[in-house]
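Chains as they are written, first to last, in the working numbering: chain A, 444 to 693; chain B, 56 to 214.
One or more of the hints may lead you astray.
Pairs of lysine to aspartate or glutamate residues, derived as DMTMM-like cross-links and limited to a Cα-Cα distance of at most 25 Å, are as follows [said to hold, decoys possible]:
(1) B:K112 / B:E98
(2) A:K522 / B:D106
(3) A:K522 / B:D95
(4) A:K522 / B:E207
(5) A:K580 / A:E506
(6) B:K89 / A:E506
(7) B:K89 / A:E510
(8) A:K526 / B:E149
(9) A:K526 / B:E136
(10) B:K89 / A:E449
(11) A:K522 / A:E506
No lab work stands behind these hints, which were simulated from the structure alone.
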Amino acid sequence: MANPMEQFAIERIGPPIVVAGNDFSFTNSSLWMLIAMLAVAAFLYIGTARPQLVPGRAQAAVEYVYEFIRDMLRENVGKEGLKYAPLIFALFVFVLSCNLLGLIPFVGAFTPTSHIAVTFGLAIIVFALVLIVGFAKHGLHFFKLFLPEGTPIFVLPLVAAIEFLSFLSRPFTLAIRLFANMTAGHVLLKVFGGFVVALGSFEALPYVFGIIPLGVNVALTALELLIAVVQAYVFALLASIYLNDAVNLH
Amino acid sequence: MPQFDPANFLPQIAWLAVIFAVLYFAVVRPTLPKVGRVIDEREGRVASDLDAAESAKGEADAIRTRYDDGMAAAREAAQAEVVTARADAGRGIESRMKELAAVLDGQAADAAARLAITRDAARATLAATTTALTGEAIARLTGMNVPADEIEAALAAQK
Chain A
444 MANPMEQFAI ERIGPPIVVA GNDFSFTNSS LWMLIAMLAV AAFLYIGTAR PQLVPGRAQA
504 AVEYVYEFIR DMLRENVGKE GLKYAPLIFA LFVFVLSCNL LGLIPFVGAF TPTSHIAVTF
564 GLAIIVFALV LIVGFAKHGL HFFKLFLPEG TPIFVLPLVA AIEFLSFLSR PFTLAIRLFA
624 NMTAGHVLLK VFGGFVVALG SFEALPYVFG IIPLGVNVAL TALELLIAVV QAYVFALLAS
684 IYLNDAVNLH
Chain B
56 MPQFDPANFL PQIAWLAVIF AVLYFAVVRP TLPKVGRVID EREGRVASDL DAAESAKGEA
116 DAIRTRYDDG MAAAREAAQA EVVTARADAG RGIESRMKEL AAVLDGQAAD AAARLAITRD
176 AARATLAATT TALTGEAIAR LTGMNVPADE IEAALAAQK
């Protein structure tokens with residue numbers, strides 16, 4: 444049986460790019476990020492080619508996703524959050540297309556979001572946005588975020604320390620949640636795929652027993668599609684909730 | 056797990072930075088606001104259309120009220136007209152009746168006058184005839200010719 448971790452291997456494509464001893468080589472991960480980016484670009488450029496008051500299909504699709512993000516920001520941040528809609532939109536569609544494209548079978552698809560380096564990079568974008576917006580808007584008052592109002596003075600240091608730690612852990616939880624979900628899903632698919640081969644090659648009754656894990660894999664693929672969408676949603680939702688702290692304190 | 060191999064971190068993060076920057080600055084920024092503008096425009100259009108419909112409805116209501124008022128006023132005016140017309144007609148009939156009565160009275164008076172003249176004439180004729188007959192009768196009975204004015208005086212005394 445193939446190692447279910449093999450699918451996550453990073454393979455360098457083309458000549459290694461090394462600058463000052465640092466490796467910037469183009470890899471299969473980069474390739475699928477590029478494909479995801481191009482898919483989003485096609486979606487957006489086609490959808491907004493000729494914006495019309497009464498939208499066509501492509502424009503309606505773009506509008507639907509955009510309104511989804513704007514509603515999320517309106518609900519979690521308020522009207523002020525709407526100006527960050529393009530960034531949250533970019534994060535959402537990028538994570539979503541990486542997740543979904545990685546599920547395509549047979550083409551050797553790679554899921555960049557199953558790598559902690561990628562998800563951490565995306566989480567850092569959110570974290571940096573929160574810090575920049577928070578300090579730009581509130582200056583040093585932004586530190587009040589760690590001092591919840593109405594806390595008794597004698598537990599204040601403890602509460603502040605806990606709040607600070609939970610604030611610092613945000614990029615990690617954001618990154619690990621997405622990476623773990625994607626990795627676990629793909630491992631599961633691969634494991635059951637291995638079962639199909641192992642049980643299907645039973646000498647006396649070939650193929651018959653492979654049907655059961657195959658059915659499971661079909662169901663799992665549906666589940667993974669759901670998880671791909673849900674995790675992209677959760678990522679964007681948490682990004683807007685963290686953004687709310689920066690915009691409105693609390 | 057290849058995910059935890061530090062050698063894989065930098066190439067991925069570097070390419071993520073490049074690709075996400077391109078995605079954000081070259082794909083999302085130039086395209087998405089176009090759709091945002093269209094959405095805002097559509098919302099504005101719908102809101103203004105609703106406002107226009109609202110004001111048109113108000114106008115229609117005002118016209119309706121004015122129409123009702125006009126109808127009520129017209130009905131009142133018509134009723135007043137009917138009342139005055141009836142009164143006028145009444146007055147007209149009265150005056151006509153008076154006129155007619157006057158005419159009839161005049162005719163009656165004329166007739167009475169004519170009747171009186173005829174009667175007087177008849178009376179005069181009767182008196183003359185009586186005198187003549189009386190004279191004749193006296194002449195036949197007595198053979199005396201009595202003058203007419205004496206007979207007349209005697210007849211007048213008889214009355």
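Structure-based check of all given hints:
Taken as a hint, the B:K112 and B:E98 pair is honoured in the structure, with Cα atoms around 21 Å apart against an allowance of 25 Å. A distance of roughly 24 Å separates the Cα atoms of A:K522 and B:D106; the hinted pair therefore holds under the 25 Å criterion. Our distance criterion of 25 Å between C-alpha atoms is met by A:K522 and B:D95, whose separation comes to about 14 Å. Under the criterion of a C-alpha separation no larger than 25 Å, the hint pairing A:K522 with B:E207 is inconsistent with the structure, at around 139 Å.
Restraint check: the Cα-Cα separation between A:K580 and A:E506 comes to about 29 Å, which exceeds 25 Å; the hinted pair is violated. A distance of roughly 10 Å separates the Cα atoms of B:K89 and A:E506; the hinted pair therefore holds under the 25 Å criterion. A hinted pair counts as satisfied when its Cα atoms are at most 25 Å apart, and B:K89 with A:E510 qualifies at roughly 13 Å. For the proposed pair A:K526 and B:E149, the alpha carbon gap of about 91 Å is over 25 Å, so the pair is violated.
Between A:K526 and B:E136 the alpha-carbon distance is near 72 Å, which puts this suggested pair outside the 25 Å criterion. Annotation: proposed proximity of B:K89 to A:E449 is violated, straight-line Cα distance about 43 Å (limit 25 Å). For the hint pairing A:K522 with A:E506, the CA-to-CA distance comes to about 18 Å; that is within 25 Å, so the pair holds.
Checked against the numbered hints given earlier, the structure breaks hints 4, 5, 8, 9 and 10 and satisfies all the rest.
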